[in-house]
Amino acid sequence: MLAGDSSLIPIAGATDVLVHWPGNLEAKTRSYLDLSGLGELRSMQWADDTFTIGALTTYWDVICNEQCAQAFPLLINAARQVGSVQIQSRGTWAGNIINASPAADGVPVLMAYDATVVMQSCEGIEEIPLDEFYFGYKQMRRRTDQLVVAIRMPRRAHDVEIFEKVGARRAQAISKIGLAITHSQDGWRIVASAVAPTILRCKAIETLLEEGSPVRSPDDLMAAIAKDVSPIDDIRSSRLYRERVLARILYHDLKGIVPSFV
Amino acid sequence: MRRLEGISKLTGQMQYVDDIHVEGCLWGMTVRSPSPRGRIREIRFGNAVDWSQCVVVDHRDIPGPNEVFLIERDQPVLASDYTRHIHEPVVLIAHESREVCRAAVADVQVIVDEEPAALEYRVLPKPEEVQRGNDNVLKTLKIEKGDVEGALANAAHVVEGVYETGAQEHVYIETQGMIAWVEDGVVITKGSMQCPYYVVNALKHALAREESGVRVIQAPTGGGFGGKEDYPSHLALHAALLALKANRPVKMIYERSEDMAATTKRHPSRVRHRSGFDAQGKLVAQDIDVAIDGGAYVTLSPVVLSRGIIHAGGPYACEHVRINGRTVLTNSVPYGAFRGFGAPQTLFALERHMDVCALAMDMDPVELRRINLIRDGQTTATGQVINDGTDRAAILDKAASLIGLKSKCDEHASFNATHPYLRRGTGIAVFFHGAGFTGSGEVALKSRVRIAGLPDGRVEVLTSSTEMGQGALTVFTTLAADRLGLEPKDIIVAEPDTARVPNSGPTVASRTAMVVGRLVERACDDLQQRVGLDDGARGDVVRDAIAMWHRNNEGKALYGEAIYEKPPGINWDDTNYTGDAYGTFAWAAYAAEVEIDLRTFSARVTDFVAVQEIGSVINETLARGQIQGGVVQGIGWALLEECVQERGAMKNCQLTNYIIPTSDDVPPIRVVFLENPYEYGAQGAKGIGELPMDGPGPAIANAIAQAIGVSADVLPLTPERLMTMMDSAHV
Ligand SMILES: Cc1cc2nc3c(=O)[nH]c(=O)nc-3n(C[C@H](O)[C@H](O)[C@H](O)COP(=O)(O)OP(=O)(O)OC[C@H]3O[C@@H](n4cnc5c(N)ncnc54)[C@H](O)[C@@H]3O)c2cc1C
Chain A
65 MLAGDSSLIP IAGATDVLVH WPGNLEAKTR SYLDLSGLGE LRSMQWADDT
115 FTIGALTTYW DVICNEQCAQ AFPLLINAAR QVGSVQIQSR GTWAGNIINA
165 SPAADGVPVL MAYDATVVMQ SCEGIEEIPL DEFYFGYKQM RRRTDQLVVA
215 IRMPRRAHDV EIFEKVGARR AQAISKIGLA ITHSQDGWRI VASAVAPTIL
265 RCKAIETLLE EGSPVRSPDD LMAAIAKDVS PIDDIRSSRL YRERVLARIL
315 YHDLKGIVPS FV
Chain B
-11 MRRLEGISKL TGQMQYVDDI HVEGCLWGMT VRSPSPRGRI REIRFGNAVD
39 WSQCVVVDHR DIPGPNEVFL IERDQPVLAS DYTRHIHEPV VLIAHESREV
89 CRAAVADVQV IVDEEPAALE YRVLPKPEEV QRGNDNVLKT LKIEKGDVEG
139 ALANAAHVVE GVYETGAQEH VYIETQGMIA WVEDGVVITK GSMQCPYYVV
189 NALKHALARE ESGVRVIQAP TGGGFGGKED YPSHLALHAA LLALKANRPV
239 KMIYERSEDM AATTKRHPSR VRHRSGFDAQ GKLVAQDIDV AIDGGAYVTL
289 SPVVLSRGII HAGGPYACEH VRINGRTVLT NSVPYGAFRG FGAPQTLFAL
339 ERHMDVCALA MDMDPVELRR INLIRDGQTT ATGQVINDGT DRAAILDKAA
389 SLIGLKSKCD EHASFNATHP YLRRGTGIAV FFHGAGFTGS GEVALKSRVR
439 IAGLPDGRVE VLTSSTEMGQ GALTVFTTLA ADRLGLEPKD IIVAEPDTAR
489 VPNSGPTVAS RTAMVVGRLV ERACDDLQQR VGLDDGARGD VVRDAIAMWH
539 RNNEGKALYG EAIYEKPPGI NWDDTNYTGD AYGTFAWAAY AAEVEIDLRT
589 FSARVTDFVA VQEIGSVINE TLARGQIQGG VVQGIGWALL EECVQERGAM
639 KNCQLTNYII PTSDDVPPIR VVFLENPYEY GAQGAKGIGE LPMDGPGPAI
689 ANAIAQAIGV SADVLPLTPE RLMTMMDSAH V
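Sequence order for the protein chains is A and B. Sequence positions in the first sequence follow the numbering used here and run 65 to 326. Sequence positions in the second sequence follow the numbering used here and run -11 to 719.
Check before you lean on any hint, since a few could be wrong.
[Unchecked claim] With a straight-line Cα cutoff of 27 Å, these simulated DSS-like cross-link-like pairs (lysine-lysine) come out: (1) A:Lys202 to B:Lys639; (2) B:Lys386 to B:Lys396; (3) B:Lys130 to B:Lys192; (4) B:Lys114 to B:Lys544; (5) B:Lys639 to A:Lys92; (6) B:Lys130 to B:Lys554.
[Unchecked claim] Estimated spans, in silico, between C-beta atoms of each pair: (7) A:Leu304 to B:Thr(-1): 43 to 51 Å; (8) A:Val149 to B:Ala196: 50 to 58 Å; (9) B:Glu171 to A:Ile296: 51 to 59 Å.
Everything labelled a hint here was simulated from the structure, so no lab data went into it. Ideal Cβ positions, reconstructed from N, Cα and C, are used throughout, including at glycine.
Bound conformation, chain A alone (with noise of 0.2 Å):
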């Protein structure tokens, strides 16, 4: 149906496609694509060195699998500061990434445990990394015929795995900042949220980090989190704002972690 009519809209949970419902006349003349039949795209599977999640998982149905909790902490630590317990419920993962929101929760977290989108089409399956999916403000590498069924993470053992939200109250809160760190064999992977058109990983901060050059204070991040991000003044916060206090959730919470953080 999807090849057959670009401008039809996949609903999963209808979360974000709900939400200025009421006084949205121009939603009102699109079509929507009900995938709350598609029973298979909610499932989890464990392979040896995968753990794939269908495209219809939500944030609930992660937060109650215990498997989970031990080899993906921070999709539970994310989940659980996702709006309220009704839309952890309906939320799905896939339309947390399909949103593309900045500020959204679900992403980062994915994000560094190098989770890749699969997506179906006509023409067959794609797959692409989270971290190259984006390329700007809600702009993605998913054609409208293309859905997507699945998000994969390889398996591994992280020795860090943090991941922080910085809203302007303690629930039921848009993130101004967002931070998911983690660490593995592979090295370091540190992504930010609300900070930039899309969110992404901060190279600059991850090369510091695998020098281990010193850090002495936050201030000692900034100019690598000026090459990593651009974030803007808007309703909710201010740049400085952001800028300051990513490098101090950085620095704090990687001090006593990181040698070269003192």
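Following the hints, position chain B with the ligand against chain A.
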């Protein structure tokens, strides 16, 4: 006694105005001004909808004067050729379909030739921004006692400070809503409101009708906090105008974003203090300047200013006081009533300032307050002699010890010295709140209450005071039942319907339980007399006497009645602003413990204590609920709630971006009541509705200042603002 309507609210059975089905009802909506100031040149109707199916109302459809009846009549019901703020209503549209109505509103363009807007109340307007007098000042008020300059000149210490607070949105759970229809020539409006008779007066005036030509019914109301004091008059007029033109019932329900953008908020304020102390720290002079942003029309601002300046000097004894207040016009959406009504703003300034003074004089903040607290026989800023036997120092000490102001001091100091990024502190504020209308206001209101004795021996309480979640229904039932020795089930509290209930005044100013409740008691006494009983009669005797009266007077109505009488010895001079501003004050000390995360600059309240003397407690659960709810609202105002303004209108008018506290942002709130019955309040009660809004702001700001050494002189203390304050404090 349990809250009477609690179960029906909890289970969703309560029918709010949006739930009420009205046959043949149209939806009404509002086209608003896009500009803060200017001449309306043209109103353009597009062709996206079939206009022949819409009912359209503008200023020409108003039968009477195009004025919303309030203190002054400067505010139009619908802007005609000039607009003074963004979101000002210009055109009303009704249609059977809510969707089409939305589309129609979007299809109208209001073209304005803009003129320079005044948007800043803290500085003098430029000549081209002047719209009232020569300085845009809407009202000035002044309190003067003794010789301030002389006392300051001789003071051992003089401490100055400037304090500011921002606007606050009410966020009642139920947005504004109203239905209007015409029945037998009478215009009837039913909706969410605090003050049915305010709506009556507004309808009478602008619709040019006699009182018998209008009728107002309060629907169950999901919160008000002052936001439904004056605004429902506007909505009722709008709905009524549409209903009159359509000749059909019209329902208007604001969506959340419209409600947040277009209706009133708490007045932003700036207060300057200059205080003189003697060498021992005794307050010898208070020089206080209060400015509040009134918005585009006068509305209730003069009265908010009045309560603000009367509370500005606080619960302290000081012989030389000067308080100057002014409310200034800006081209912003008009500010309005909000729980506390000016007092939270001035008490924030005062109580934050007391900590600043203590620091400047190297004194303990509790000690500084204790030695200056008013004692019986001493006077307030207006010269009102306080003589109520309340031990105010005990209130202060209780709050200080419960929060651990002293005991936790060392613990916090060592925690702060060692933790990499968390900082803890405690703060306190002591304050008072006058209950009821200010000065001679209650006398002018002449509130009236009736108690009907019914043929079956039950009684019905008739007042225009509204239940809006605060518990008025339950309290009135308790008062009448106790007074007559009847069971609560024998008491009916009438729906506030102006065709049936007398005018017992507006449901505002913490006056309902204390003032109107007292009238309920006196009306009960009157009823007993009318059936030939004396005051002591209780229970079956009363029921039987009422039933007997009806057997002897078949077909007639039996009423006991009471009209407000000023308690003896109360005198107020409205010209000089001296005398007894309120019949009584409630006294309180609130204390907070906070934790600041220096990674994110966010402050969190970790413990809160609210100690107050409120006369007698009529219903402990409801009273505690009022205090805790007010504290939560105060925490929001202090830390989270920021109205982001753009051209005089709120930009963040969604609940995702206007941040109120969730249950997770609220600490345990320990509430302590000290009782000292007030002779002229129902069962000895004083008003408590607004009181809890006054204390959290300064207590929290003081705690933050103590923890991280910032000035904390502006609310809300959002993380972004704290970051800036820390930068300037070089921490
Ligand atoms: C009250 C509230 C609170 C919220 N709080 C948070 C929060 O704290 N953090 C956060 O990150 N988000 C939050 N959200 C946003 C939202 O819940 C999440 O983004 C959620 O993950 C979206 O999932 P969904 O299944 O509901 O998506 P939908 O609304 O169904 O869809 C979102 C987008 O994804 C597309 N889509 C969905 N599934 C597919 C698919 N299989 N293939 C292709 N396209 C697809 C849709 O077409 C649409 O464009 C909140 C939303 C609400 C209403």
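Original post:
Does Lys202 (chain A) pair with Lys639 (chain B) here, judged by a C-alpha cut-off of 27 Å?
Top reply: Holds, at roughly 23 Å.
Subject >> Hinted pair Lys639 (chain B) and Lys92 (chain A), Cα distance within 27 Å >> reply: 25 Å, holds
Original post:
Val149 (chain A) and Ala196 (chain B), beta-carbon distance inside 50 to 58 Å?
Top reply: Holds - the Cβ-Cβ distance for Val149 (chain A) and Ala196 (chain B), about 54 Å, lies within 50 to 58 Å.
Subject >> Hinted pair Lys114 (chain B) and Lys544 (chain B), Cα distance within 27 Å >> reply: 66 Å, violated
Original post:
Are Glu171 (chain B) and Ile296 (chain A) spaced within 51 to 59 Å by their CB atoms?
Top reply: 55 Å, holds
Original post:
Does Lys130 (chain B) pair with Lys554 (chain B) here, judged by a C-alpha cut-off of 27 Å?
Top reply: Distance ~25 Å between Lys130 (chain B) and Lys554 (chain B) Cα, so the pair holds.
**OP:** Decide if the proposed pair is consistent with the structure: Lys386 (chain B) and Lys396 (chain B), CA atoms, cutoff 27 Å inclusive.
**Re:** 15 Å, holds
Subject >> Range hint compliance [Cβ, Leu304 (chain A) to Thr(-1) (chain B), 43 to 51 Å] >> reply: Holds: the Cβ-Cβ distance is about 49 Å, inside 43 to 51 Å.
Original post:
Do the alpha carbons of Lys130 (chain B) and Lys192 (chain B) lie within 27 Å of each other, as the hint requires?
Top reply: 34 Å, violated
Checked against the numbered hints above, the structure breaks hints 3 and 4 and satisfies the rest.
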